[in-house]
Structures are given as structure tokens and as C-alpha cells.
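K.L.:
The chain contents come next:
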Amino acid sequence: MVPVHAQSAKSNTSYTVTGIITDAENGSALPGIHVDIAGVASAISEDNGSYSIQVPHKSALLHVSGYGYASRDIAVKGRNQINIELYDKGYKGVQKSTYTPTGDVSSTQVANSWSVIQENNILSVALSPDVLLQGYTTGINSAFRSGVPGAGVSMYMHGFNTMNAGSMPLFIVDGLPYENTQYAQSLLGNYVSNPLSSIDIKDIESITVMKDGTSLYGVKGANGVILIKTLRAEHMETKINAHVHTGINFTTETFPVLNGASHRSLLSELYQSQGFSSLEIQALPIFNSEIPVKQPWGYDGNVDYYRYNHETNWQKSIYDANFNQNFYLNVAGGDDIAKYVLSLGYLDQQGTIKNTNFQRFNTRFNSEVKLSNKVNFTSNMSFVYGNKDLVNEGPDNKLNPILASAIKSPFTTSHIFNEVGDKSPNEEPADYFGNSNPYVLLNNMMMANINYRFMGTFALNWDITKDINISGSVGLNFNKERERIFYPSVGIDFDPIRDNIVTNEMKHRTDRLFSLFTDFHGNYHKRLSSDHLIDARIGLRFQNNKAENDFGQAYNSSSDDFRTIGYGISLLRQIGGSIGNWRWFSLYGSADYNYLSKYFFNVSLSSDASSRYGRDAQTLYTYPSVAAAWLVSGEEFMMDADAIDLFKIRLSYGMSGNDDIGNYNGMQYYVPQNLFGNYGLIRGNLVNLNLKPETVHRLNAGFDFSLFKDRLNIQVDLYANTVNDMILITTPDKITGFNNYISNAGSMQNIGADLNVSTRILNGPVKWDLGVMVSTYSNKVLNLNGEEFLTEAAGAIVQTKVGQPLGVFYGHQAKGVYATQAEADTDNLHVLHGLVPVNFGAGDMRFVNQTTGDNLIDDNDRVVIGNPNPDLFGSITNHVKFKRWTLNALMVYSIGNDVYNYTRSQLENLSTYNNQALSTLNRWKYPGDITSIPKASFGDPMGNARFSDRWIEDGSYIKLKSVTVAYDFDFSWKLIQNITAFATAENLLTLTNYKGLDPEFAMGQNPLYYGIDPSVVPQPKTVSVGVKIEL
Amino acid sequence: MKKIIYFLVSIVTLATLPIACVDTLPEEVLEHDKFYAHVDDADKAIMGLYGQFMELAGQVVILNELRADLLDVTPYATTDLQEINLNSPSENNPWIDIRKFYSVIQTCNDILSNFDQMLDENRMIKAEYDERYSDVAALRTWVYFQLGIHFGKVAYITEPIILLDDISKAREMNLDDLIIELIRTMENLPTLEDYQASVLTQQQLDGYSLKTFFIPKKLLLGDLYLFNNDYLEAAKMYRDVLAFGEDLDPTHRNAYIKNRLYGYTWTSGTPDWYGILYRDGKVDDFEALYNAWRLMFSGTTTDRSSLEEWIWLVAYDANFKPQYPFLEIFNPVGQQGGKYWLKPSQYAVDSVWGKEIQKNGFPFDARGLTGAFENIGGENVVTKYSYYALAQSASTGWPIGSWFLYRAGTLHLRYAEAANRAGYPDLAWAFINDGLSGGTYVFKREDGSEYPGDSIKITGTSPFDPYPYPFNFDARYKTTPPRVTTAWRSNVGVRGRASLPNIPFPADAVTKQDSILFMEQVIISEAAKELGFEGNRWQDLLRIARRLNKETPGAGTTFLWDNNIKKKYDQAGVVGNDLSTEANWYLPFHR
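Line by line, the protein sequences give chains H and G.
Residue 8 is where the first sequence starts when you use the working numbering, and the numbers rise one by one after that.
Residue 7 is where the second sequence starts when you use the working numbering, and the numbers rise one by one after that.
Chain H extracted, bound-state conformation:
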């Protein structure tokens, strides 16, 4: 026994606890393990694993930690003899060191519902930390926006917490807050700038997801807060980590579509439906099968014959197996004055769609300098350069290559064939039907997004006394993003602009964010006696943001080689942009109090001012929160409950704000109004001078259990959030002259539960850890100021109505297809063409007439036809270790969510000349046909393809996100300390009934668009191999 020190203030209740510390895997005794009672006593185990420590009272908490082992907190509960088993470091028990806003503490002592993610990221092939948030925490409903590299994840924490304001969680990267919101609309279809793609996942040490207690971040915390801590040098010795991997993306699945012959037959039906005779149809160049014969006067026969007689698999042509590679190096080290980490990364990830890629160069320098015994200086700096070549992923049949290739007729081809069938190197223009040439969309156009981001935080920390320190920091977040788009003259059928023919189109955009943040705070950390610990902080922070967005659009440059807007003709040039300035100031404080290491209290508060508030609103809005936790297992009455290692009850209530309510909506302003080429000024808004931030109230109850020597860990959270003062954009009295009025009139609630079970199933030579995360929530709109909102996106209509979840699908119910005219006559339903009723007939959809009293199918017959919110979502993780082998597998799932399949609505509408899905072979053709697909009718006069439950599908899925196998070589060289080789497969398997390419997608960040699949690039299957070298 080696008593290190024992404090003088021994109370009468103090006594000695002894025991043996062993390895949980093989039972061997562990020497050199630290056993601490914070600020009171400390001991180290001996060679035989035995330890002895003086505990102040029966309720003390032992903190056991040792190199290579996962630390544990163990309540003494009045016992004299406590034998302790420790698990290896990789074990994901409930107990972890948690990075909190005020520092690192053991998770047992956190009163809030915060999850911490500490993966061994150095092996990860993922390019940004989004992945971790999707798979390794509960309560965040997240989905990858698309399979384009770096597209990012949209995340909704504990349901939807806003309707019109910013919806994404706040990120705090090394203390620097940054809003993950769109300052400006990208010109690229469905592209959302993803700030997280600027952070290399391998630079991340720890992530904490704050699902409550976000009051500390005042008006920024309504959607939850995610703290990211980047690498720090732990030791003075110089350590070098290198990571290299390379991988291949496999081509993805495609939609089953008609072949050339079937498409011709469909076209023939469509022409017939418009009154073409068969002779007329045969004369069309797409049908005429006379092979051209050269004659002295020209060609006899169909000169376009070789143009329209191919069998092109357009969809296959847009995808390609592509490579990706990643190099990463970090160096950590220093001396007792200064410690530093330097990292460099280079990434070249090619997309599964041809000519798309993401290249990133990132560098980071984190340092910590001890200026004196009491003053130290830390800095975290990163610079990132990213270059993306993208494609349009919006619901745009002409420009989105996925849609364009799916609807492109297979008998057309990418390059021009002449009269005798010789292929030219020149590309085909938009085809007979106006559909784009997908070859051109990938090869001749440009869609580049380039960004530079500098982030730096500089902090000075001064320990005034042992208990008090103050700290001042300055943070800078500078991001510049440039977009360049060029659509060439051949291959795309542009819509004319103001009667002018458009030959080609070019767009540029520059978006600049400059955000300066200062924070000044003081900490008070005091152990009053062995029983009371107080940790308090008070501070203030100020953030000044300026975002500027400028774009230009030009058309008709003289040649496709001139791709900048300067070359467009001046008449059609368009420019625009926006500037947003906003400021945030807050005065904040928090206090943690810990009594007997059993009772934990946290109070935090932030009083916030923002430039976005209305002029008559309060200057400061205050957001308090309280949290309490009771470590029940630390009580003496639990002494005999040996199976229960830990049982903690948590309860918290807090308020947070959301000031992402528009920069200027709270002030009366004027906007420019055109008058010829000049501008006048007119009133810009019906101002609401009382406009204030949205308020989210969060009530959370949680239970943490560790059972059977920590082999089974269960964490349960139950929560109820209420969003008050929710921003609504309502329709005011028309005599105001305005369409919109922005007010805080709405409210909404989320009730939900998160369950996180992690268990070590096998603990022998083979260790198998299984983690299951299950989350569920139910969202309900409580108040909309008497209104009801319909929002349209990609042809879908979503309804927001009191008593329902936010944004449910709202459309017609379809009950199959009328097989015969008699059936249709029985229903006797009609639509109006102008004011003329037209009856449904055989082969038309049988829509449900919801309004009794009329036989009209119109907008009044719409009902709720789907709920995009999942019943359950979460992930399953597996971690298996055998000797030097490890296997990690991550599965994510979402169950019970409805999805609007925009792509299918384009491939089964049977009303245009576009190619259609294979399923349309089953369309209604003759009286008596029983089918679910209506007849082909050009222009869809009966609205058979209208937004209805035909396009709503069950979007449930379970996806094997990643599987990694790693082998740790046993090296005992001087130079190389360790080599780990690994292989990772991503997106190997997806189980779903969804008919789209990928059940995981997101359209923008607005919660109203949740569940709308605008036809994004599916996530590719990827296999990578790599190696990590430690020097």
C-alpha cells in the first residue's frame, strides 16, 4: 500500500477501503492503477493489484484509472472491501470522460443529458465528423444529404424545434461558436454548404452532444449544441501519426426504365392520345425506320435514322467506379513550456457520378504555451481549402443528371451520327423531346464550389488564485466560398429569357462570412470540504458576424470556351446578392455543485442580446436551466445490490433561444423598387417591433444504469420540448399591402425517448461489444395563430396544421385505376378544365372524393397522406476484438417514415415524352385492365399524376454504414511504434422497400422538406484499405 497523501480534514466517519484491481478480461492483477477521491485522497495499486485508500465517508466516490484501461467511478456505499475490474480502453461503457463547456469531467458527475463521442478516429475513412453524429449518439435524427462527397448531414435534435428559423444545432469548435446555417442560397441545385466538411475527422479528439442544458448558449442553443474538441498534445514526447488510405467507389443501382422499343410503343400511345394518325406517327423521325440511302439529290429515307436507333443505358453512363485517397499526418509533442499538435491532411474523394469530386487540403496547429506558472496561452488554428466538382441535385429534369438520364429515351445517343451511321465526336443537342444530353451534363459543364476557411481561437488563461482563474479568448471564423457554374450550348434545351434564345449559361457566386468572437470569463473552482464541490463560471461573449453573398448570371457567350460571366451578352446579365450583419452578446454563468459525490446540481443561465430582436423587444432575453442528478448507486442502501454498479437519475429543465429569425425582420425598412433602370424605394416589411427569439423549453428525465460489473450499460432519456414564440410567417389583412407578417405566434412540442444500450457480450479472448441506440419522438404543432400552412417543394405539398406533426404530406388519395368506363361512370367524378367539367374515364386514377356534395376532384379533396417522421431511428454498433484483430460495424436505421419519391413521380406520370419506369409496362391499356398505373395521356388532363399517395412510400431502412477490419502489427522497432492496417467498406448493404435509389437523403435544411427526395446522388458503396503508422 502506498498512501500518496491524505488530507488533514479527516472526519470521524473516515475509514479505509481496500481491494484488488484486476483485468476484466483475464482476471490478472493490475499494478499501477490510480484510485482517487477528487481532492481528498489518492492511491496506486501494487504489483498484486491490491490497493488501500482512506475514504472520508461511506458515500465517497472512487475514480479508478490506468493507462490502457477505461476509467471507472465506483461508489463506496459504506463497503470496506471493493474489488475492481477494469476494461480495456476501447470499451464503450456508460462512464467516460466528458468534455463540457467548463472542462473535462467524468460522465458520472454530469447532471445533464449529454452524450460524448470518443472514437478512435484516426482509422476512420470518413471525411468529416457528421458520420459520428449519425451513428454514435441518440436523439439526433440525421441523414446524409446525398452521396456527393462532402455533402454533409442534416440533423434534427430531439424532434423539430422550429418551422421558419434556423434548424441545425450550434457547433462549438474549441470554444468558437459557429452556426451551421445557410447564409445564402447556393446556385447549385439542392447544394447546402456544409461547414463540418472543413473539419478533418482525424483532428477530432472528442465530441459532446448537449441535448439539454444548452441555456449556456442562450439564443443559439435551441436546436441543441455540439461541442467539438480538436487534438491536443497529451505528452511531451514527440509522437507522429500517419494515416493513408485509398479506396474505390462502386457504381450504384439505377432505376429500372423502359428500353428503346417499349419507350417507342409508349410514345406511339401518347401521340395517339393527341389525335395523331398512325401514318403521321410513322412519319416522325423518331419512328421512321427507313434507312437513308444516298441519292444524287440528297438522302432518301429518314436522315435521322442513325440518331434514333440506339439502345443507350443512360443511367449506367453517368456513374463510374472511382477512386479516393487520403493522406494524413499529425505531429504532437513539446516540452514543459509549450506543447503543440500539427496536422496536415489531403483528401481526394471522387464521386460515383463521373467528374464529381471533393479535394481538400487541411492543416491545423494547436498549441498550449505556459507563459508563467499562472498564465498560459492556447491557440487552435486551422486552414482548409476545399474544391468540389458537383452536379445539380435539385428536382430539375433538365439539369440533374440522375433525372435527366432516367427520363432520357434509350434510343437516343450521346454523340451525333450522320446519315450513313458514322459517329461524330460532337455531342448531340437536346433531343427531339427537349431532354438534355446527360453526357454533356457530366463532361462539358462545370459546377465547382471552392472554399477557404480559416478558424482560429486564441485564449489566455490566468490562474489568479488556486480557486479562481480568468480567461479571455478571441476567435475568428472566416470562410469564403466561390461557386462557378457553366452550362454549355450543346445538349441542353434552355428556356428563353424574356423572349431571348439562350445558348449557354454561366453563373458565379461568392459568399463570404467573417465572424469575430470574443469571450471573457472567470472560473471559481473550490472544494469547500470533502463533501462540497463548487465549480462556477461567469462570463460574457460577443460575436460580430458579417455575411456577404454576391452572384452574377450571364448568358450566350460567343463560344463554350468562354465560361466566365464577363463574356455573356450584356442585355441578359443578372446580378444580385445580399449582405447580412448580425451581432450577439451574452452574459452567462453556470454553477455546478456536487455534494457527497452523490448529488449533483447544475444551474446555468445566459442573458442574451442580439441585433435581430425587434426594436421594442427586450434588450436581453434570459435563458435559465437547472439540472439535478442523484447517484442512487452511491447510497448505502444499495450496498447489497452488487449487480448494480451504477444507477443515476437525472432531471433537467431549461430554456434556450433561437435568434435565427432573419437579420432585419425586427426593424422597419425600405427596399429598392425598379423603375426602368433606376431604383426607387418602397416599404419593405410590415414590421413587428416586438419580434423576439423563439424559445425552446426542454424537460428531460434520464436514467443511467451499469449492471453486471459494467458489462451492461443502459441509458434512457425521456424528454418533452416545447417551442414557444415560434416564428410564423402569417398572412396579414390585405389592406396592409403586405403578403407576410412575421410574428412569434406559434408553438410546437416534441415528446420523445432515447435509449442507448451498450454491452460487452463476449469478454474472453474474443471481445464483442454491442451497442444499440433507439430514438423516437413525436412532434405536434400546438398553435399557428389560427392559420394552416401549405408548403410546396418538388411537386409535393406539405401541410402544417395544429394537432399534427410539422409538415405532413397533404394530397389526394388514390384507390387504383378505373378498369372500365362503367366503373368510372358509377363514381361519376370530374375535374374542371377552366369552368368546364370533364369526367374521369377508364384508365384514369380513382381519386377519393373527400367532399361530399360535389362530384368534383379538386384541392378540397386533399387529406393527410403521409408522415415523414420516423417511428424509430438509431443505430447498432459492433466492436469485436480478437488478439490483434478488430472489427467495427455500424448500422443505422429509420423505421416508419414516409417518403415522397419525386423521381418516381417523374418516371410513372405517363404524361410526357420522357422515358418511364419499367413498371409502366403494366399501365392501363384496354378496358378491363386491372392495374395500379393509369393510362398514358399526354399533358395529363385528368391530373392522374398529381400529388397523391401514389408517390408516397414507406421510407424505412436499415443500412450497414460501415465495416472496418483492422490489424495491429506487433512492431518493436525503434522508429515505428505501431502499424495498423485496415480495410473499410461503406454502405455495403441497405434493406428497404423504398423504390428510390437511396432511402437516405435530405433536401435543404428546412424541417418542412423532411422526407422529400428530390433525386439526389445515392451514397456509393465504397471499399477502402489503409494503414496507420505511429512513430
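These are calculated hints, taken from the structure and not from any lab test.
There could be a bad hint or two in this list.
What follows is a list of derived Cβ distance ranges for each label pair [claimed, not checked]:
| hint | chain 1 | residue 1 | chain 2 | residue 2 | range |
| --- | --- | --- | --- | --- | --- |
| 1 | G | 429 | H | 862 | 56 to 62 Å |
| 2 | H | 455 | G | 596 | 45 to 51 Å |
| 3 | H | 861 | G | 590 | 23 to 29 Å |
To be clear about the criterion: a stretch of chain G counts as covered by chain H if any three or more of its residues have a C-beta under 8 Å from a C-beta of chain H, and this derived list gives those stretches [as the list claims (entries may be wrong)]:
| hint | region |
| --- | --- |
| 4 | 112-121 |
| 5 | 320-327 |
| 6 | 363-377 |
None of the values given here were measured: they were computed from a predicted structure.
Think of the CB as a built atom: it goes at the ideal place given N, C-alpha and C, for glycine as much as any other residue.
On the provided structure of chain H, position chain G as indicated by the hints.
P.N.:
For chain G alone, kept in the frame of chain H given last:
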């Protein structure tokens, strides 16, 4: 402990500093406090207002024409337009959405209250204030007047709605009260004169002159008086505008002949006046026909002849918003974005313009076929709004089209109506038929010989008994010394300009009242032919109908419904909303 206190004090000090500077200045929009600092801002506000006003064109023309008898829907028309055509719009019909009207009204209110403040704080001098204030207040009056004639009532508010609660300041007002209120507003304006000193009318904007761009206040007040059956006051206002340039000598050609509906014999070249012309007076020769009347619908804002006819003309440029709405509405499908939603009603084609026979016996009114509309590929297409676009030139200042708000022809018709009711049916007759230079005021001695040329053609009962103001006109023209050349010497009248014969008083018009009632019908029927599709028809029909109903209950209803609008439906074979009760005349006012 001392350190803690220092620490707390510094926290508090630091805390108070940034709260003060947390407010930001917007760069994207202009904050209220920063506007209305100077008279230039006042002009910017007026430009903004008119830019916004231009967005009303489509709605104003559609409501005034499609609800009346001359315009009809085609099979391409949207459901919304079909509802307007039948006078039975549903609640969400965008054509009856009052919001855009109120946007203009609220902009006016905002400007006016700020102008008052600018004057109070000496940020604008009285002379600058007077003309700007009057312009804005008159435009607001015009918009209320339009709302009134369509909806029968308005929510009347003259203060800006800045906060939502401000809507409680609005009073609901019926049409009768509204007209009185609007007249009162107009009478109390600082001035009724056009801009004298504003830079807006001195300079051109992208090649567009703004001389005819701003609302003619006297004509608006005249129209309000006329609507209120206040004929003498109306006539005075119109006469004031008609008098423009009368005191100048003929060398000031522009001003001298502005608003005169003058005509000459055409010999060759492009005539610089408007009329249905036959070369060298060869009125029997169809080949000699030249429709120079319609040139008024393609003259630029700087064009001399255009300025002689147009009093209020708002041009639209193809390259700038607001967008010109009419090409889409009227043009044949595909032609310049045409959707061919609306066309001339068969009733208008057959029975309004079609019944006219020109002086030479050609059986059509060239202001209709070849003027207001043309037959393109077998379909009648409203072309009044597309002559600009057809004549489109690359030069700046060439509009894609214009909104036709007020011109000399309109003024003649309105003045005639006022003069007629004021007891001067002969004067009205002359204005409508062959003008003051025609034969009406050629007086003869008892022996049958004419008075000398310098004394005739002065409106009156004899050369020695001229009518009093505002009915006095001088049309003398004598080429032998002493020469006399007067402003009205070449006035050819509304029908005269269209090469149409005079319409004689019927034999059964015995009393003066008979003549007046007869003449009123002639005027209103002439207005259809002269002004068709320009957005006046509903106002004209409603004004007469209300007047007649007041005199003889039911007479107005018969006039509006049986004699005019119902005929359109009958001819088209549809059943429109029955307007045979006065309550049905007005559209529902959905706030």
C-alpha cells in the same frame, strides 16, 4: 476576496459596453430612420411608388374590361379569368386580390406622413413639398377610386400601417361616401398643377421621358366630379386641361395643339397626327386607307405626336421590372410569350365596332378591326397593347408596351359627357362628331349668309353670345388679313378623327332633356369604340348606370345589364352572373 470584487466589477463594466453596440446597421435594406432625409429621398420614394403602381396595370385593365362588355375569354383562359368574365369570382381569385392596390395605398400613406414630417423639420421646402405631396395623394385617390368602382366599398385609411395594429385606423366606406371623401381630399391638395420643378420631369430615365408619367390631378378630380354628377365642376376641370396652350401662338406647336384631336388632309409620308386617313382625301379608295389612328399606341414617350395625344401614359421596358403584363394576356399563343387568354367579345366585334359605317361606306370602324384588334389566323386578337412590341427597336427608351391611362380622346369624351349634362348637348355633339371645326357653330345671318370668318366658330348660341366658361371655345381660322389662327381651328372631333359620319339628333328628341339623354348614350357608345380595352369601360358603364338609377330607379340597371353587358353573354352563349340588381355590380371585398 479583493480579487473577486475586482473581477466582478470588471465583468459588469465590460458587460454594459457591448450591449450598447449590439445593434447592427443593415446594408441590404434601408432602415426607416435613414430614409426621407432630403428631397432626393422624396424623389426616390416617388419613383418607388410609381414602380409599384405599374404592377397594378394588369389587374386594373382586366377588372375594367373583362367585367364589362367588350372583352371575353378564349378557351385558353385560366379559371380565374373565366370567373372574372362571368362576374362570379371565388374568394382566392388573384384578380380580385386587393393587396397590390393597398400596397400602393400604403406606400402613399407612408410617403405622405413622411413628407409632412420633412416639411415640419425643414428637410423640404414648401414648393418642393406641394407638388410632391399632391402627386402622391392624387395617386392614392386614384387607387381608392378604382377600388370603389369595383368593390363598392373600401377600407379607407390615410395613415401608414406600420404595425399590424394600425389596421384599426381604417374605416369601411361605401362608394357614395368614398367619392365625396376623395373629392374633398383632391380639393384640399396644395396644388393641382403638374410638376413644375421636379427633376423627375426635367430629365429622362433610361431614355424615357416622365412628362406623361405622373397622374393628371385635374382630370382625376374631373372624373370624380363627373362620377358624383357634379357636371359643372367636372367640366371646369376638363376645360382647364383642354385649355393647355390656348394662350400660346401657333409657333409653340406641341403645346398649341396638344389635346385637340386635330386632323388634316393626308397626302403622303407618315402622318404626324392620329386619325383614320385616306390619302389625298380619296375617301372612296380602300387602297388609300391608312390607319394612323393606331399609331398612338406605339409612340414613345418622347415622340412629339404621342405627347400631343397622351396625358397619362406609363411605359414598360422589356429589360426591367415591373413586367408588362398584356402580351401574355392578349397575344396569340407563343407570340412574345402570348397565352391568348382574352379576346374581343363577339358582341364588341359584331355590334359595337362592326355596326359602324365609315364616311365612305366601308362597313367597319377602323378603331376596332385594325385598331383595337386584328383578325390573326381566323381569331380576333386584341392588338392595342402589342403595337409597341411589334415595332420594337433596339434603341433605349422604346417600350415593350404601355399602360394607357388618359389621353385626349378620353378627355374629349368625358368633357362632352359633363358639358352635355351641364346643359350643352350641342357642344357635346360637336366634340363627339366632327369637332369644333365642323358645322355646328357656323352661324348664319337672317338672310342666310354666313358671318365673317373671324367671328364664327366660337361656341355659343350666336357669334355675339358665346357660351360662358367652361364651355367657351374658339375655333376661328381666317387666312386673309387680319389673320386669325386659334387653337381649336383643326379640331375634328372623336368621330371625325375616325372618319365616321356624324350622328344626327333623332327627330323625336324634342326637349333639351331628350337631347341630353340621347347624347349621353351616344357618348358612352362612342367611348366603347374609342377607348375599348384601355381600362375605362366598367367605370363608364357604372357611372352612367348609377346616374340613371338615381333619376329613374331601374333605368341604370337596364342600361348596364340589358343594354350592354348581358349582350356579351348572350352572344357568347354563356350565362354570366346576373347584374340586374345594383348590389350585384360590386365584387366581394375580401380583406
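K.L.:
Next, verify each hint and record whether it holds.
P.N.:
Okay, the hints, checked on the actual structure:
1. 429(G) to 862(H): 56 to 62 Å: holds, 60 Å
2. 455(H) to 596(G): 45 to 51 Å: holds, 49 Å
3. 861(H) to 590(G): 23 to 29 Å: holds, 24 Å
4. 112-121: Since 3 is at least three, the answer is holds.
5. 320-327: As far as the region 320-327 of chain G goes, the hint holds, because 5 residues have Cβ atoms under 8 Å from chain H.
6. 363-377: violated (count 0)
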